[in-house]
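Using the hints, put the two chains back together into the complex; each one sits in its own frame.
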Amino acid sequence: MKRILLQDTSGTLKKELRDFYVALNSHLRDNGLSEKAQVVLVADIGIYNKGIVAKILPEGFVYAGLKNADISLIVDKTIVAGEKVEALAFEKKNCQMRIVLRNCGRIDPESIEDYAAQDGYQGLIAALAMGPEKVIEEMKKAGLRGRGGAGFPTWMKWNITRGVTGDTKYIICNGDEGDPGAYMDRSVLEGDPHSVIEGMMIGGFAIGAGNGVFYIRAEYPLAVERIQKAIDVCRSRGIIGKNIFGSGFDFDIEIRLGAGAFVCGEETALIASIEGLRGYPRPRPPFPSVKGLWGKPTVINNVETLANVSYIFLKGGEAFGRIGIEGSTGTKVFALTGKVKNSGLVEVPMGITLREIVFEVGGGVFQNKAIKAIQTGGPSGGVIPEEHFDTPVGYENLQKLGSIMGSGGMIVLDENDCVVDISKFYLGFCVDESCGKCVPCRIGGTQMLAILRKISEGKGEPEDLVKLNQIAQAMQKASLCGLGQTAANPVLSTMKYFEAEYRAHIVDKKCPSGKCASLVAYSINKERCTACGMCARNCPVNAISGERQSKYTIDMEKCIGCGNCYEVCKFGAVIRQ
Amino acid sequence: MSTVTTKVKAVINGIAVETDQGTTILEAARKVQVNIPTLCKHADLAPSAGCGICIVKAKGNRKMLRACCTPIENGMEITTHDPEIVQTRRTVLELILSNHPTDCLVCGRNNNCELQKICADFGIHDDRFARMLPDLPIDRSTGTIILDPRKCIKCGRCIDACQNMQDVWALSFIDRGFKTRISPAGDIKLAESPCVGCGQCSAHCPTGAIIENDETQKVWELIQNPDNHCVVQIAPAVRVAVGEGFGYPVGTNLTKKLYAILRRLGFKTVFDTNFGADLTIMEEGSEFVERFTKGKGELPLITSCCPAWVDYLEKYYGDMIDLFSTAKSPHEMVGALTKTYYAQQQKLDPAKIKVVSIMPCTAKKHEINRNEDMSSSGYQDVDVSLTTRELIRMIKQAGVNFKDLPDEEADQMLGEYAGAGTIFGATGGVMEAALRTAYFAITGENLTDVNFTAVRGLQGVKETTVNVKGTDVRIAVAHGLKNVKYVMDKVRQAREKKEPLPYHFIEVMACPGGCVGGGGQPYMVTDDIRRQRAKGLYDEDAGLKIRCSHENAHVQKLYKDFLEKPLSHKSHELLHTKYVARPLYIK
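Top line first, the protein sequences correspond to chains A and B.
Taking this note's numbering as reference, the numbering of the first sequence is continuous, increasing by one, and the terminal residue is 577.
Taking this note's numbering as reference, the numbering of the second sequence is continuous, increasing by one, and the terminal residue is 587.
Isolated chain B (complex conformation) (with noise of 0.2 Å):
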């Protein structure tokens, strides 16, 4: 086979179209502005051909094409709208139509669906198939994905990005032809499913058959009592996806603009968990290096921040969770210290703050549970997690016109954060944060150049060395759930063989991309919008002055004042916790 690209001349509409070969007829209508219109096609995912929407002609092709999946040939001459094909395409989506429900004004996803735009682009504007609704029930036993098996229009999105991108195998499709249906195979429930929460499923569902626990009324009850003293905190992710709901380009930093609309939705206090990021490059980092210079625990030491990886770690890799960091993750942290630290700071009762994590992630939902070290402070430590798509639509409630507000700085002792806080948001961000700080630490010199472009960017797993001081440390970036596989084996492997270790300290975010990529952010994610938001987080980085998590002037007063250094009896208490092996279907 030839590496070298050909170019394949064809004809769209009569419009002369030259592409590389392999282009589907899509991709190639694009580009002479023609847009052949798509439903079950995502542009994260392989086409899986379903709905039937984007059918095409070619001259001398007996059949209509899918244009979502075929690549354009040398000399074919397509046609994309004509009478017949137009209403081929009306007469699928009025399929699709009448094996939906069709009260959107009360659906999750209202305004903001695949299908409701197409079919309003197409003016479908009457019921002439007769309604064949299934009776399904709703499967709400996660408290994170809400699984409406009515809504679903079979795209299989979510499969694909469960089985394939995830590598999680929750979701699949069960029975046929018109009963076939979303369910986790065996026909259980998601929570006793292999569901880690991460939320792709939901994030790539072009309807509102998969959407986030939306816990926004719950957020305004807390807000609106006056009893309470509500703290917010938002995530790195979050402040370089949110401006894609309100017209922004994507990847703009809004971190200031979020801080002030924060306090318009009513919150008394806000807090960043770039904060949190920073605190917890000060305990992992400090774990790593215990276990890396003093052997105090075992390695590769592995990052447990994100937690549909600690719950996927918890289900499949059970023998490995000594290597797991006991860190808590970042706004666990916060949530911790705003009910014990900042209350007894500023004289609250711990029992009136609520705290509101703002996440780009739908499996946090799920965390701020998980066990009793996420009580840590004596109550639950962070009261609600929302996802970005939730913020999004609060601000819409809130009645202010977010993109005139002034900006405003976050408040004092748990909002100051350095650039090491703000990558967390990105796949390697937190390697390249802990880096920094265990450069610190382990040769007690600052780095000239903090920049490790070696563990950034998009490629599934990022092996390398670097050498501090002389001693080689070997490290591994995972992002994904399914690149997961090839770091734990290698190790799980050299472990068996009492091998030398691969690595020794390993990152992993369940999502694509890391948090930027998470399943709470805005729709329609791509590569390529994934690197822009990363862009946004890693250009904040490399303007601040303080960039290193131990230079943060905050954490170290908080370790004077209150923690006395990482590690200590009280972060133990406050910041760390702890992992139980639960294997999949063993009782």
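Bound conformation, chain A alone (with noise of 0.2 Å):
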């Protein structure tokens, strides 16, 4: 007996629903096929806005959109003869592609054996008996770049250093994700710690250094704890130590903790923060690659892009490069978020459309509202507008937009969003955690702070984006750092591709989403008020009043601009203006 797996999502069988449920059991009853075919309503497939979702087993033919009309077609074809209807069948991509995650909720992290169970530590073994110029060979093949934000290739960062005389060298893990909404990097810290430590254990082999350091931030506890057991059975286990696997090489790794300060993500910051110093950058040359921690020769290295590189050496740099699009080979992680359907990290591969990842992977946007952009690369990146979301994902492809890869947010904005107050998020972010070093970033953020919430106030002059823009340009060209050097784009791109919402906010002192609270008002239209009281249970500040069965009105005064009785109002009544 065949099954028919109808799809219901929402469990409640809307009316389309049951009535092609109805239409389709009378059909096999009215053909005698009721004892080769039973209909089971389940609630999901994976399959979202398609219309009518139906999945036949055991063939597993996968059938959307579905009319009354095709019930007769499918039931001939599938039913009766075991055949495909290809004008039915709707093939999902399955967009996903696990690397860096590859073990995470799939092994125990706490235990070796489990890793091991996956081919653990193979990739190691294979680069021991490689020898470190192969193994660098092997990452150029391979194509990787830094997943921490910036993107240099692996390879060569390796190359510089290993070409750096010293008898003392380094290979740092920076964990010290910071991003808002990005956690790629404490998902493997915690869910597959062996992939980043026989990552680092390679890069240590390739570059001749024989200490490690994890600097992990201190408010991932887990984190720190599952490297700290890893760390301790690899050494209870030999494959750190003295002469790793017979190979004659030593290396050992410790642990620093962060103290919470985004900018000691910055390479030169980081190293001053384990030094026990202020976590400052410092200009660059020299380099950490010729001086670096403590002085000596250092390579740091991304969490995502060390669990890469056990990746490649277990499957071969030459497979991983084929991976993806050219300059930007492998997978990324995103953590997406923001207004989607299904919120999460998601690893893709390179190459594929920002719509995919959106629309595919994410489901489309919540509650099907328009999608308005997405931001990417955290508060150093940037918005990028429907307009572009077939673009390829790769560094320089979003570079060109105005964005940047980051370290993987990926944030959705839809029609309710408001460039203005996107941008005073991630420019608050900048500011609360600049350094205070530099000029440009110390000073410049925090004006340009204070310029947006003028503009979302609705107090913003023309002149101010004239400002805008050029302590934006000083914050890019004159900033020390990396932070301070991205810090404004947010603020470019949203002024890039949506001036005309800025415009809004400082001549029309409208704010056209509804964001900025000094900018709207709402009200209560008397005659679609069905005096539900919905809305007044929703006020946060009791702004509303009136009787059930009376109508309800805002006080002006009181309102705070929340807009929450505008998002449940069901019946339109609550105005925005």
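A portion of the hints provided could be inaccurate.
Calculated pairs, DSS-like style, for lysine-lysine (alpha carbon to alpha carbon, straight line, at most 25 Å) [claimed, not checked]:
id: 1; chain 1: B; residue 1: Lys570; chain 2: B; residue 2: Lys294
id: 2; chain 1: B; residue 1: Lys59; chain 2: B; residue 2: Lys31
id: 3; chain 1: A; residue 1: Lys14; chain 2: A; residue 2: Lys570
id: 4; chain 1: B; residue 1: Lys296; chain 2: A; residue 2: Lys291
id: 5; chain 1: B; residue 1: Lys557; chain 2: B; residue 2: Lys347
id: 6; chain 1: A; residue 1: Lys15; chain 2: A; residue 2: Lys341
id: 7; chain 1: A; residue 1: Lys454; chain 2: A; residue 2: Lys400
id: 8; chain 1: B; residue 1: Lys256; chain 2: B; residue 2: Lys535
id: 9; chain 1: A; residue 1: Lys558; chain 2: A; residue 2: Lys570
id: 10; chain 1: B; residue 1: Lys469; chain 2: B; residue 2: Lys296
id: 11; chain 1: A; residue 1: Lys467; chain 2: A; residue 2: Lys515
id: 12; chain 1: B; residue 1: Lys7; chain 2: A; residue 2: Lys291
id: 13; chain 1: A; residue 1: Lys77; chain 2: A; residue 2: Lys134
id: 14; chain 1: B; residue 1: Lys179; chain 2: A; residue 2: Lys454
id: 15; chain 1: A; residue 1: Lys509; chain 2: A; residue 2: Lys558
id: 16; chain 1: A; residue 1: Lys15; chain 2: A; residue 2: Lys50
id: 17; chain 1: B; residue 1: Lys57; chain 2: A; residue 2: Lys400
id: 18; chain 1: A; residue 1: Lys296; chain 2: B; residue 2: Lys482
id: 19; chain 1: B; residue 1: Lys570; chain 2: A; residue 2: Lys467
id: 20; chain 1: B; residue 1: Lys268; chain 2: B; residue 2: Lys347
id: 21; chain 1: A; residue 1: Lys551; chain 2: A; residue 2: Lys570
id: 22; chain 1: B; residue 1: Lys179; chain 2: A; residue 2: Lys467
id: 23; chain 1: B; residue 1: Lys352; chain 2: B; residue 2: Lys570
id: 24; chain 1: B; residue 1: Lys315; chain 2: B; residue 2: Lys482
id: 25; chain 1: A; residue 1: Lys50; chain 2: A; residue 2: Lys2
id: 26; chain 1: A; residue 1: Lys400; chain 2: B; residue 2: Lys7
id: 27; chain 1: A; residue 1: Lys134; chain 2: A; residue 2: Lys315
id: 28; chain 1: B; residue 1: Lys294; chain 2: B; residue 2: Lys57
id: 29; chain 1: B; residue 1: Lys59; chain 2: A; residue 2: Lys400
id: 30; chain 1: B; residue 1: Lys490; chain 2: B; residue 2: Lys296
id: 31; chain 1: B; residue 1: Lys403; chain 2: B; residue 2: Lys256
id: 32; chain 1: A; residue 1: Lys467; chain 2: B; residue 2: Lys63
id: 33; chain 1: B; residue 1: Lys403; chain 2: A; residue 2: Lys291
id: 34; chain 1: B; residue 1: Lys294; chain 2: B; residue 2: Lys403
id: 35; chain 1: B; residue 1: Lys545; chain 2: B; residue 2: Lys557
id: 36; chain 1: A; residue 1: Lys496; chain 2: B; residue 2: Lys63
These are calculated hints, taken from the structure and not from any lab test.
If you want it as structure tokens, here you go:
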């Protein structure tokens, strides 16, 4: 007997689906096929916004966008003849590809046996057999670029440090993940600590470093605990220590905790922090590759980068290099959040389009509102409006659009998001996290934020856009480190794509998306109000009064413009102006 | 690594330049007459790269580079000025201004402020950005240095000077981002901090954020009071630095012109601290001879004429106080004798004598009342201590054409000096002066060559052995407090382990270069300037007939008429002091 699974995501069997369900059952019964096929309602087949979706077992054919008229075709072809109806078939692309997150959630992160069962440390063994030059050669074939944000080719970084003479060298794993909303590094450190350790050891071997340091932010206690346990077990098994796997390679690892300063993710500030100094970046050159931790040649790699390394030496550089697009190989983990249906960490091959990430992987915009843009790269990144969603994801491609790959934050913005507000959020983050060393970042950021606040309060002047642009330019050009150089990016990119929205705030004193509380006024349309009381119950400041059965009103003196009433009113009675 | 200097060829604004590898873009540009503006960079300190004014473009480089700290590389094509670069610099400057008070007219650095100057150069006449001034209190707790964090531009020079040059660690940045400010760590008052008052922070500050406690008004009032008999004395190092305030070449020795201007300012008597220096040698030299030849007291003997060093020793080397010379610093000796010896000789009421010291030093402001010994005359021996910078201001206020003043002589009694006294102003000078006299005291003979060149110069620690008629005297000279640790730790270790002493005699000056590089000296000091100022003193010494303190006739007369002999009871009363261990952060 075959099974026809019908997707009922809401579980309420809405009319259209109910009609289809009834019609399908009738058709089967009328044709004497009730014994041949059974119709089952299921909550989820994993395809959204495609109308009625059915999956037929045991064949596993998936049909979507079904109409009652399709029933006889499905029954004749598939139920009776066992054939696929190509016209109805829905091929869901499997957009995700797990390399970095390959073991996360699949193995016990505290068990080295589990990791070994996934061919763990085989990459290291292979690398040790190759010798350092070949390791770097292999990395070159793989084309892996740093996943921390800047995208510097990892093989090149290793090669430079390898070329610097020095008896003591360091490799540091940068686990000071700090972009708001990004947590891929934490997930890997917590979920697959050995993959990062293995990557670090391969890197250490390549550059000639005998010492590894994990710099992990103190807010990640579980990550610290898991890495420490992994180091301990490696030490007890001889995976780290002297003469590793009989190769003559000695390596040991220690952990240092970051105290929560975002800027300490910047290489030179990170080094200062490990050395017990104030987390200040210093000018480069000298680069850490020449003069790093304790003045010794040092390589600093991001967590995600190192998790890729262990994979590369398991599968080969060429195989890895085939994933993705030219210049941007492998996968990238994004923290997909914001107004998207399926939020969370996603790992996708480079070259996938932004549209695929948002609509295929993410399932589209939450509540099916109109999409406005996505923000990538966190506080150093920018917004990308919908017209550019077909761009394949890659370092250069995102940069051309005025954003960056960054560490992989990706926030979906819908019609209710205001670009001035978004800019304020990101810039505010950088202003809080600026170390204060250089003028453009320390004062420039603060001045820009003040101007944005002014604009969002309806006090902006046309001259402000000129000032914003000038300060942003100065920050980009004259800031000492990456934090300051990129802090203005969210503002610049929103000004580039949404200048009209800025002008609406400044000239018309309106916030088109209704986000800026000072620029919106709410009122209740008495005609439409049904006196249900929903708005009053959701008002955080009790600004809405009224009795059931009578009409409600908003006291504008009390109203803080949060928009809750507007969101919850089912009758469109709350008016926003 | 190769030690051979390789040459680098590059192009700056289209002009070819060849320079040594490791030269910064800033320095290379200067070679071809291109001035890249800077603000946070001080030639005396490592670049902090904070301000972002010195940005330049290098062809093929996506980012702009900081000229102050980026070495020029072979084949680089640098552009230092184009509309984009200049606009960026302007914006950065305007940002600094938005965060800096604009009450320049009432600031201690008015007309002498690096920020003011660069803003004038850039022609910034507009306050385009919102004024954002933090409301921070001024720290006046020390009486030597005033810390006004509102005027701070966070260039970090003071911190570099305090931590890396002086190893004092009184100042640090606290808080972060826009709230970053300079303060003693833990946000305590400067007076409770490890600060020793050396003033290197104030000498390197580009603005009015750290400034000596200006006491010029107090001095004017003393002078203008007809009841007072105002006496002034000038320290050795002042005479070779004061000219920088009036456009003289660095290192010009203006001793006699200073005597003249001080009289024009209204001082009734003009003495010279160099006399006190000679006297210090008599006392300290005798102390050394007593300890060295007669075993009376511990060795090595350590000099104590630097008040910042005294403070540092009391804080960090309390266990070594027995090694310290009890001799007061030269200007304190002159102060004490002015209100006793001079007052008696001139039949003046010591209560009405007011002594003003002109010093290259901020720490002297604290020294003049550091303990009761500083009032050995029955009155505070020195009433006010001014820095060279304050004197320059007073001269400018006096309405006298300083440059054209005819030379004058100092007043008799406490004004004549030997070459030994004048070289006190340079690192190694005290040691050299002491050796000249100690040699005589030990052997009864005068040196044929009084020059001890091994103790001269700017090497941080100078160690040498002097043969005094068959006996070796091991000596060390350290200047810049960061160099003290090496010497003192060697002594401490030898004492703890009862090993032979590494030295017999140690000279320490808190400031790099000694007093010529003092914290109260004119701004923008570099090693080159320190050398030239020192040269001004050594040249004077070389030209003097009397070069040893014990040959100073007025010193001899003083002992004959008043003090009897070095280390006499009277000397002890007036010319010596004591020290107390004051370990830090311990209640």
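Status of the hints after comparison with the structure:
Between the alpha carbons of Lys570 (chain B) and Lys294 (chain B) the distance comes to roughly 22 Å, so the proposed pair stays at or under 25 Å and holds. Among the hinted pairs, Lys59 (chain B) with Lys31 (chain B) is consistent with the structure: their alpha-carbon atoms are about 20 Å apart, no more than 25 Å. For the suggested pair Lys14 (chain A) and Lys570 (chain A), the alpha carbons sit about 19 Å apart, so the restraint of at most 25 Å is met. With a CA separation close to 52 Å, the supplied pair Lys296 (chain B) and Lys291 (chain A) exceeds the 25 Å bound.
Between Lys557 (chain B) and Lys347 (chain B) the alpha-carbon distance is near 18 Å, which keeps this suggested pair within the 25 Å criterion. Restraint check: the Cα-Cα separation between Lys15 (chain A) and Lys341 (chain A) comes to about 23 Å, which is no more than 25 Å; the hinted pair holds. Of the pairs offered as hints, the one joining Lys454 (chain A) and Lys400 (chain A) is violated, with about 30 Å between alpha carbons and a cut-off of 25 Å exceeded. For the suggested pair Lys256 (chain B) and Lys535 (chain B), the alpha carbons sit about 17 Å apart, so the restraint of at most 25 Å is met.
With a C-alpha separation of about 23 Å, the suggested pair Lys558 (chain A) and Lys570 (chain A) falls inside the 25 Å cut-off, and the hint holds. Between Lys469 (chain B) and Lys296 (chain B) the alpha-carbon distance is near 21 Å, which keeps this suggested pair within the 25 Å criterion. As the CA atoms of Lys467 (chain A) and Lys515 (chain A) are separated by approximately 23 Å, the hinted pair is consistent with the 25 Å bound. At roughly 22 Å between alpha-carbon atoms, Lys7 (chain B) and Lys291 (chain A) fall within 25 Å of each other, so this suggested pair holds.
Pair hint Lys77 (chain A) plus Lys134 (chain A) does not hold up; C-alpha atoms about 56 Å apart against a cutoff of 25 Å. Among the hinted pairs, Lys179 (chain B) with Lys454 (chain A) is consistent with the structure: their alpha-carbon atoms are about 21 Å apart, no more than 25 Å. Distance check on the hinted pair: Lys509 (chain A) and Lys558 (chain A) sit about 21 Å apart at the alpha-carbon level, within 25 Å; holds. Restraint check for Lys15 (chain A) and Lys50 (chain A): satisfied, since their Cα atoms lie roughly 16 Å apart, inside the 25 Å limit.
Distance restraint check for Lys57 (chain B) and Lys400 (chain A): the Cα-Cα separation of roughly 22 Å lies within the 25 Å cut-off, and the hinted pair is therefore satisfied. For the given pair, Lys296 (chain A) sits about 24 Å from Lys482 (chain B) by alpha-carbon distance, which is consistent with the 25 Å threshold. With a C-alpha separation of about 72 Å, the suggested pair Lys570 (chain B) and Lys467 (chain A) falls outside the 25 Å cut-off, and the hint is violated. For the suggested pair Lys268 (chain B) and Lys347 (chain B), the alpha carbons sit about 14 Å apart, so the restraint of at most 25 Å is met.
The suggested pairing of Lys551 (chain A) with Lys570 (chain A) holds, with an alpha-carbon distance near 15 Å, which does not exceed 25 Å. Of the supplied pair hints, the one linking Lys179 (chain B) and Lys467 (chain A) holds, its CA atoms being roughly 22 Å apart against a limit of 25 Å. Pair hint Lys352 (chain B) plus Lys570 (chain B) holds up; C-alpha atoms about 23 Å apart against a cutoff of 25 Å. Annotation: proposed proximity of Lys315 (chain B) to Lys482 (chain B) holds, straight-line Cα distance about 14 Å (limit 25 Å).
Proposed proximity of Lys50 (chain A) and Lys2 (chain A) is supported: the alpha carbons are some 23 Å apart, at most 25 Å. Note on Lys400 (chain A) and Lys7 (chain B): the hinted pairing is violated, with a Cα-Cα distance of about 39 Å set against a maximum of 25 Å. A distance of roughly 15 Å separates the Cα atoms of Lys134 (chain A) and Lys315 (chain A); the hinted pair therefore holds under the 25 Å criterion. Taking the CA atoms of Lys294 (chain B) and Lys57 (chain B), the gap is about 68 Å. The hint is violated against a cut of 25 Å.
For the proposed pair Lys59 (chain B) and Lys400 (chain A), the alpha carbon gap of about 21 Å is at most 25 Å, so the pair holds. Taking the CA atoms of Lys490 (chain B) and Lys296 (chain B), the gap is about 22 Å. The hint holds against a cut of 25 Å. Distance check on the hinted pair: Lys403 (chain B) and Lys256 (chain B) sit about 12 Å apart at the alpha-carbon level, within 25 Å; holds. For the hint linking Lys467 (chain A) to Lys63 (chain B), the alpha-carbon distance of about 21 Å falls within 25 Å, and the restraint holds.
For a cut-off of 25 Å, the pair hint linking Lys403 (chain B) to Lys291 (chain A) is broken: about 51 Å separates their Cα positions. Restraint check for Lys294 (chain B) and Lys403 (chain B): not satisfied, since their Cα atoms lie roughly 51 Å apart, outside the 25 Å limit. Simply put, Lys545 (chain B) and Lys557 (chain B) have alpha-carbon atoms about 18 Å apart, close enough for the 25 Å limit, and the pair holds. For the proposed pair Lys496 (chain A) and Lys63 (chain B), the alpha carbon gap of about 21 Å is at most 25 Å, so the pair holds.
Hints 4, 7, 13, 19, 26, 28, 33 and 34 from the list above are not met by this structure, while the remaining hints are.
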